[in-house]
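S.K.: The whole structure should be built from the sequences, with the hints applied where relevant.
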Amino acid sequence: MADSGKRLVQLADRIAYLIDVKGSCEWANLKDLLEKARGLRESVFDMTEDALRFEIERIEERVSFLEERVAEKLTPAETVNIVRSVQRFTLSDILENVYDSYTELGGDGDCNVDPAVVVARATVTRRVKRRTYSHQVMVIGHEKGRGEEFRNGGCAKPWGNDKALRYMKVAETEGIPIHFFIFTPGSFPIEDFPGAAQQIARNLYSMAVLRVPTVSFISEGGSGGAEAIGLSDFRLMASRGYYSVISPEGAAAIEGKIREGQKVPRELVEHCATQLHITARDNLSLGTVDRVVNEPPLGARREDYAFFRRLRYEMIRATDEVVLRTKSFRAVRAYALKRQSQEAKGVPEDFDALISWTLDDLEIERLLELRAKKYRVMGKGFYTENRSRLLRPLGGARNLARKIYYEVRYGLLRPHKRNVQKVIEEVSSEGSVFFRKVTGPVKAAYDFMFPQPEGEVKPARAEVQDRKSIFVEEWETYVSPLANEDRIVTCPNAARYGCLDLWVPDLYGEFCGVCSTCGHHFPLEYRWYLEYLADKGSVREFNAHVASGNPLKFEGFDARLRRDRARTGRRSGIITFDARVQGIRVVVAMLFGDFRNGTVGAAEGEKFVRACDRARTTRRPLLSYVHTTGGIRIHEGTLGVVQMPKCTLAVREYVDSGGLYIVVYDNNSYAGPVASFLGCSPYQFAIRSSRIGFAGPRVIRETTGEDVPPDYHSAKNALRRGHIQGIWDRRDFRKNLHDALITMGGPHLYYK
Amino acid sequence: MKSMDINLNDLLRRYRAHPFEDYRVEIPHTGVVTFKVSEGQQVHGPEGQWLHRPGTLLCLLDRERNVKHITAPCSGEVAQIRSDLDGLFVEAGLEVLSIRYRLGKEQIIDRILTEVLHLLPAPQRARYFFAPEIASKLEKRPQGEVTLQQGDEALVMSLMKRDTPVYYDAVPGVIFKVYFRPGGIVEQGAPLLGVCPPEKLQYVQKIIQRIKTEWEE
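One line per chain: the protein sequences are A and B, in this order.
Numbering of the first sequence is given in my numbering, commencing with residue 1 and proceeding in unit increments.
Numbering of the second sequence is given in my numbering, commencing with residue 1001 and proceeding in unit increments.
Mixed in with the good hints, there may be bad ones.
[Claimed, not checked] Quick partial rundown of chain B residues pointing at chain A, CB under 7 Å, derived from the structure: (1) Q1049; (2) W1050; (3) H1052; (4) E1064; (5) R1065; (6) N1066; (7) K1068.
Hints are computed from structural coordinates only; laboratory data are not their basis.
Here a beta-carbon is modelled for each residue, glycine too, at the ideal position from N, C-alpha and C.
M.R.: Take a look at the structure:
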């Protein structure tokens, strides 16, 4: 009887799980079936053993049949339901069953900096030829909890991600690999210091050069939250997990233009889940994950010990592969081949060899190179290059020539020149001291006899450049087309500051879109900045042929792309160009709002990376001017999300090579780009009246359940929170940028 | 005492008979007005924790193709509306509609107190602080026990980096209500203190008590 009771409990769990997966109890009368199972459990002692067994077997048969039917045609929306089910395994199950022992660091249950992020020092063992060997690893992941409210469903708060980063650095110091486990629907969208976006950016920036092997496992990969601990050398994904740029509900709300508070139709959610290509198979084919870890047909649950065994094997193998790749090509190949032969038979009991996970300096350098290369190719081929075949080799040759020229100029000649300069400076300064002692008394006597007026002090090289500027005369010729309207507008601050109404030709002409009373900045088109920011005629666009596409064949998106192309005459949401700012040559990447709201997809990411490369090759400062960005382009799914690590890695390479990277935000800058390649800059500024943040007010309200003040994302508040370093007036943009380049870049504008 | 009771009853009766107040909506500048509400319609004022969600749209004011939205500043009912002006050019400061809203307990108490207490108005638009002596007394004893005599230095007016004492020159009494936040800017003529003569104190407290218990919102 006791056994029957246990079987009935398990049956009820299986039915409840099926209800979770289907998202409704109406399908195949699951509700009745569940009630029947529960009813039987209550009347266990009222029935004879045979009758009870007969009933249980009947229900079991029915449930098994239904499970098979669901597994046969599992939709992406149902995969999302699997991941969100309370019966799915969590990080604590993994720590218990995959690792042999572990100690949680920096927290215990709700007594924690952020209970949604769990960090543990763990030991994982492997058997080689009947001997057991253990490895030390750092485990960092999201804990969704078992109904515990304080876990926030695995939504990491900024300080949770900060904790993760702290322990990544501990692992780096100790030289032990890191295993990341991603179980998050997204990051908790609050701007309090250190800030959701800024902290993710900091994590990515640090993870780009983490000097230990890293492996990540994705069960629920919700956009930026996932990336905060997702940049790794090897990315595994659960076969019934999802990895997406946005939740299907969020995408449906945007696509269907659903108003806040209204219910999103289920069909639309299912449609979006399919369109977003969020499943493991989709991600593997897109190249955003490296391998899929197989789960049972309906996903692994907490007691799925066979799955945990497989996961342990996969984690060890993945770490081995990362380590072996840094050693020699032949060894990796042999290992991979062996893996294929053994994998067919199931999870092997023993490993072929013991591989040490400790790397020497050379191997670490190779590890970082491979990591950079891995992300560099992500998303490649998912944009189009509108250039004739004849021109392609020409472009390549030009790039090579430029590289050689600048390498010779800055790599070979510049250090010599500097050394010679240094010697001359030292000799001349020492010589002048000696010479002054001899000539001093004579000069003093001469000055006394024939006093001279004091001459001008010779300025430093940077200041000479500054004096060359005649910028005011140059930009006055361009007037915004917005000024061609005969009407007046009211400043949004009129009620508070009593601003006078403004005549549009004055506002967008003479006033440069700035309220003459309170200084509020009205939005201006990106072309105004192109004309105003750079010296006249100095803008030279490059990579304009790289065009955004519709790699996921998102329904209706082609038409929208065509419309934006026709409207703007551009092929992507970013313009990259060489320019001069008061004589200083810079490389600029400008995200602009007219094309798909400045969202970042594969083409934009590629263009940004190429801009970083160009700035590195030519040893010029890199400016990211964000006219507007709405985040990562949802229509490109995870191909868009991987632009976050990809671009951050490119920035890191550029900055580490000695480059000066400045970011200037304008209008609206939100989400993924801010949480990666923009937010990681040490020098971030904002144009007045702009808004910077991770998620907009609606998303914050829907996620946290709390309203935010209207000025929550204002530049002023971003400055207060320490996210940016200053607020610039639009009219002083050029001057301030020049000052920043001189101040932060020093006389060479490039550190090395 | 009897006469006071009668006064109190009269006051309450007056407010009970007409527990409303009208908010007059004036046009901020010239333009063509287009009404979006009708007489008798319920409107709501700004909402949200920071009053960031504007109230009901009352009318549009179009000047030089700049359409300005005039929204309801408070909740209530549109009492009077100048429908005859709809679609016409109007002058600045013209009253185009009024919103009738029901007074709450606190508002009734405030209004009655302004009639019963001796108010000390702000002589200028400036920052005001309590005089040190009064401030220390208020710290030790609750409001309603600190007495002001004629000629007492009650407040300090801080304007253009100069502190000027403000002397109390009305009938002696206790400080019953403070209408300003020390250090905050107060407009000229706005009440600073409400002083109640000791013999009227019981009567005032009775008013408040009765309104709190009898007034239905």
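S.K.: Run every hint past the structure and note whether it holds.
M.R.: Outcome of the hint check:
| no. | hint | in the structure |
| --- | --- | --- |
| 1 | Q1049 | holds, 6 Å |
| 2 | W1050 | holds, 5 Å |
| 3 | H1052 | holds, 4 Å |
| 4 | E1064 | holds, 4 Å |
| 5 | R1065 | holds, 4 Å |
| 6 | N1066 | holds, 4 Å |
| 7 | K1068 | holds, 6 Å |
Comparing the model with each numbered hint stated earlier shows that all of them hold.
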